[in-house]
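The chain contents come next:
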Amino acid sequence: MTGGYGRGGPDILHDCTISVNKGEIAVIVGPNGAGKSTGMKAVFGMLNLREGSVRIAGEDITHLTPQDRVAKGMAFVPQTSNIFTSMTVEENLEMGAFLRRDDIRGTMEQVYGLFPILKDKRRQAAGELSGGQRQQVAVGRALMTQPKVLMLDEPTAGVSPIVMDELFDRIIEVARTGISILMVEQNARQALEIADKGYVLVQGRNAYTDTGEALLADPEVRRSFLGG
Amino acid sequence: MDLLNAIVAFLNFVFVPGVAYGSQLALGALGVTLIYGILRFSNFAHGDTMAFGAMATILMTWWLQSLGVSLGPLPTALLALPVGIAATALLVLATDRMVYRFYREQKAAPVILVIVSMGVMFMMNGLVRFIIGVDDQRFADGTRFIISARDFKEMTGLREGLTIKSTAALTVVVAIIVVIALFWFLNKTRTGKSMRAFSDNEDLALLSGISPERVVAITWIIVAALATIAGTLYGLDKSFKPFTYFQLLLPIFAAAIVGGLGNPVGAIAGGFVVAFSEVTITYAWKKVAGYVLPAWEPDGLVQLLSTDYKFAVSFAILIVVLLFRPTGLFKGKAV
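From first to last, the protein sequence lines stand for chains Y and Z.
Residue 228, in the numbering used here, is where the first sequence stops; the numbers in between run on with no holes.
Residue 1335, in the numbering used here, is where the second sequence stops; the numbers in between run on with no holes.
Watch out, some of these pointers could steer you wrong.
As the list claims (entries may be wrong) - Label pairs and their computed distance ranges (CB to CB):
no. : chain 1 : residue 1 : chain 2 : residue 2 : range
1   : Y       : GLN190    : Z       : ARG1214   : 35 to 45 Å
2   : Y       : GLN124    : Z       : ILE1115   : 37 to 47 Å
3   : Z       : ILE1180   : Y       : GLN190    : 29 to 39 Å
4   : Z       : ARG1214   : Y       : ASP102    : 16 to 26 Å
5   : Y       : ILE117    : Z       : ASP1308   : 58 to 68 Å
6   : Z       : ARG1325   : Y       : ARG50     : 30 to 40 Å
7   : Z       : ARG1097   : Y       : ARG105    : 35 to 45 Å
8   : Y       : ARG105    : Z       : ARG1214   : 23 to 33 Å
9   : Z       : ILE1115   : Y       : ARG105    : 29 to 39 Å
10  : Z       : SER1211   : Y       : PRO116    : 29 to 39 Å
11  : Y       : GLN190    : Z       : PRO1110   : 35 to 45 Å
12  : Y       : SER130    : Z       : LYS1188   : 42 to 52 Å
13  : Y       : GLN124    : Z       : ILE1180   : 23 to 33 Å
Worth flagging that the hints you see were computed from the coordinates, not collected in a lab.
Cβ atoms here follow ideal geometry from the backbone N, Cα and C, with glycine treated the same way.
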């Protein structure tokens, strides 16, 4: 993929490739301004691609709007304002399933199974929850569409280390149900530990691509990006 | 006995008119607040949308009256309301299609949309005056009073009479029904929830697959219904004159802002706050004071402000709220 924001804006991504297989976790890491979030937005159709394509399960969706990509099985959890703060937890989940016309109760039970705390707080306004719980609502909302690919933009930004570990555990659980996960992370080391595949981006280019384990073991990557 | 008389005088001149006027303002403010919440601008054309809705209803009412149709004790205008609502919905949807959508696609700043809505206001203003004229129009029929002052005096033997106009009672009943229906819609239906979601977080609503154009269209239809009902009730209770609807804009905005823009509960509360402030401040308390404190014989009317200045009340409330609590009594969006 090559592209940038707006019609005449400069390219931020240069020939960047990101992919994830079914049920796997792919993590995008890299220094600030490397185009991590931009890469994710490109996949979701939020910026103009000049070259390259986006495919889901072999189908070309390069020219679809983000909303149409949701219908094709993509779900995106933005880094900030990723919940409806004035609505209850349950309403947040219902809105996540807005495009679905079938019975959503089964999926809602699955989300409550994954995040039991949400079931207790389902009648409470999502804006009143703690940071970690809000992230759970955000992920839960995205899961309500029963996506093929779940994309998370820094899901652990601003939550405590304990909550972060818990969130990562939940993300692994989600992946085990057969959903592909693509996420951008600041906490590179922890994220690579759970990653099947890791992408290190530098200035919008793929610098290193390998399994999470291999990247963690690569002395070059360790020295440049993981702090030794 | 004197105290009873004082209470009856208070009910008659302050409470009953205040409740009716408050309901009308609340319905108007609900429309303003919905537009603000969903389309994110202050719709200055709302007063004239109310005028258009009332006008359409009046024309239909006249036609029904000429056919000899009537609802007995209730005003024929109730029967004409659905037609008025439909006509107004068509007008605002056409306006949205021709005017507002262009600016929405440009992602114009809210202040630009405010000015645009002023242009729309002048257009609607002209349209209404062109069709029905600038004069007062009467279209109320049916029973005039539920309780008239004379009956009340005969019934109770008090010196003060209590008048309840049937239009005032009708206003309150209709307003309650409309508000319940609106809240049920916003809180219980899928479409209503999607409107709240869109108002709460537009980007996330898009990510959830909520169609903005659909939400906007439904909002306009609801706003058309609210504006037509509010305009017709106001016209029934007082009289229909296009200019008064233009003037209503100020108390309506004051109500919406006092309650907290974008917050429907706030709009209702704000409507009553503004209405009661206006009525209590412009009411001549001499009579009530005379009953409560017979020894005190004031020279004047004990009126804080002459009714000519009633708009100053809304203005003052507006300024106080904007200075000290810009998000309104209930948590709305800061202006």
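Cross-check of the supplied hints:
no., hint, verdict
1, Y:GLN190 - Z:ARG1214: 35 to 45 Å, "holds (41 Å)"
2, Y:GLN124 - Z:ILE1115: 37 to 47 Å, "holds (40 Å)"
3, Z:ILE1180 - Y:GLN190: 29 to 39 Å, "violated (51 Å)"
4, Z:ARG1214 - Y:ASP102: 16 to 26 Å, "holds (20 Å)"
5, Y:ILE117 - Z:ASP1308: 58 to 68 Å, "holds (60 Å)"
6, Z:ARG1325 - Y:ARG50: 30 to 40 Å, "violated (50 Å)"
7, Z:ARG1097 - Y:ARG105: 35 to 45 Å, "holds (38 Å)"
8, Y:ARG105 - Z:ARG1214: 23 to 33 Å, "holds (25 Å)"
9, Z:ILE1115 - Y:ARG105: 29 to 39 Å, "violated (47 Å)"
10, Z:SER1211 - Y:PRO116: 29 to 39 Å, "holds (33 Å)"
11, Y:GLN190 - Z:PRO1110: 35 to 45 Å, "holds (42 Å)"
12, Y:SER130 - Z:LYS1188: 42 to 52 Å, "violated (28 Å)"
13, Y:GLN124 - Z:ILE1180: 23 to 33 Å, "holds (24 Å)"
The structure fails to meet hints 3, 6, 9 and 12 from the earlier list, while all remaining hints are met.
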